[in-house]
Amino acid sequence: MPLTPEDAARSAHAHRLALDSLLMTDPNPRVGCVLTDAHGRILGTGHTQPVGGPHAEVMALRDAAAHGLSVEGATAYVTLEPCSHHGRTGPCCDALIAAGIRRVVASIADPNPLVGGNGFARLRAAGVDVEVGPGAVESRELNLGFFSRMVRRTPWVRMKTAASLDGKTALPNGASQWITGDAARTDGHAWRARASAVLTGVGTLIEDDPRLDVRGIETPRQPNLVIVDSRLQTPPGARLFDIPGRQVWIYAARRDEALAAALEAKGATVTVLANTDGKVDLAAMLRDLAMREVNELHVEAGHKLNGSLMREGLVDELLVYLAPKFLGDGFGMASQPHAGGPLTALADALALDFHSVDRFGPDLRILARVQGHDSF
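Going by the working numbering, the sequence shown opens with residue 1, and the numbers climb by one from there.
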């Protein structure tokens, strides 16, 4: 059956439902579902619940049942291929088949190799008409971290910085609070909230003793915390350990049993991943974080760690807040961000695409992506 304008409208509705699950589903993808009858009337809606809870399709089926509505012969609009495997919950494709759904319109195939077309195949084998395509761009964008983890086996890495218009993130004495205004800082917390984990370096911890939690906005969960700490210098009394309900993962280049034991007593997980220079192997760290089900990694670090991540080509996206100020001398966003040292040709510059530019109070927010990094 060819797709219709009605299909596009219902798929857009399902996407809006998926957006409602932005902060709660991690590490699962954000998915929405709308059920309609043969006349296009809505029977039920739903979105994926926190991990371990029902997926969008099951929530929509429950919604219809709660209103005493039959879904026999209905169409299900869903923003991601219905899952076909037993994970923390049962297969959604089986739930749709058992409910008598006649047609499924899905935005995009699930990149999870445990699904990867199997959900569509099982639906078709059961006599369900399957159409794919409406809202594919929006669904993939909403779940870019999940797609990255499934396809590249690494998280989507977003580096956040706040800078003056001349690119300075701190004064020569290290002072940086606050370059941007309240609205920009609140928006920054919203980006923290959607991340699987926040990453920082031990230098930031020692200098600022930050909590690195989500504040000022409602969130059902706190993102986990990742610390790059080659010599295990993280203070066991740091305020970051005061945040309940989140995991703290510390990556070191060597293990000192006494230091590691003190941090593990605070609930941290210490992992040693060293490169040949005696520092943390950042690429290996990202692969390890993917195995820990990290979809989006939100970096809030100092210029040295930022520079290391950029030199190794590990940053996918920059979230930059620019204040209408000139600071003159001071620290930049990243120290030596290019392999081989300072550039001698403009053609060698790291190429970015502006994904969005918005204003928050007096400040600008620029979301810029490294060219080619979202082509997986």
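Keep in mind the hints are simulated off the structure, nothing from the lab.
This one's a predicted model, so the numbers in the text were calculated from it and none came from an experiment.
Careful, some of the hints might be misleading.
Here are the simulated DSBU-like cross-link-like pairs (lysine-lysine), alpha carbons at most 35 Å apart as the crow flies [to be verified]:
(1) K266 <-> K160
(2) K304 <-> K266
(3) K304 <-> K160
(4) K279 <-> K160
(5) K160 <-> K325
(6) K279 <-> K304
(7) K325 <-> K304
Checklist entry - Hint by hint, which ones does the structure fall short of? => result none
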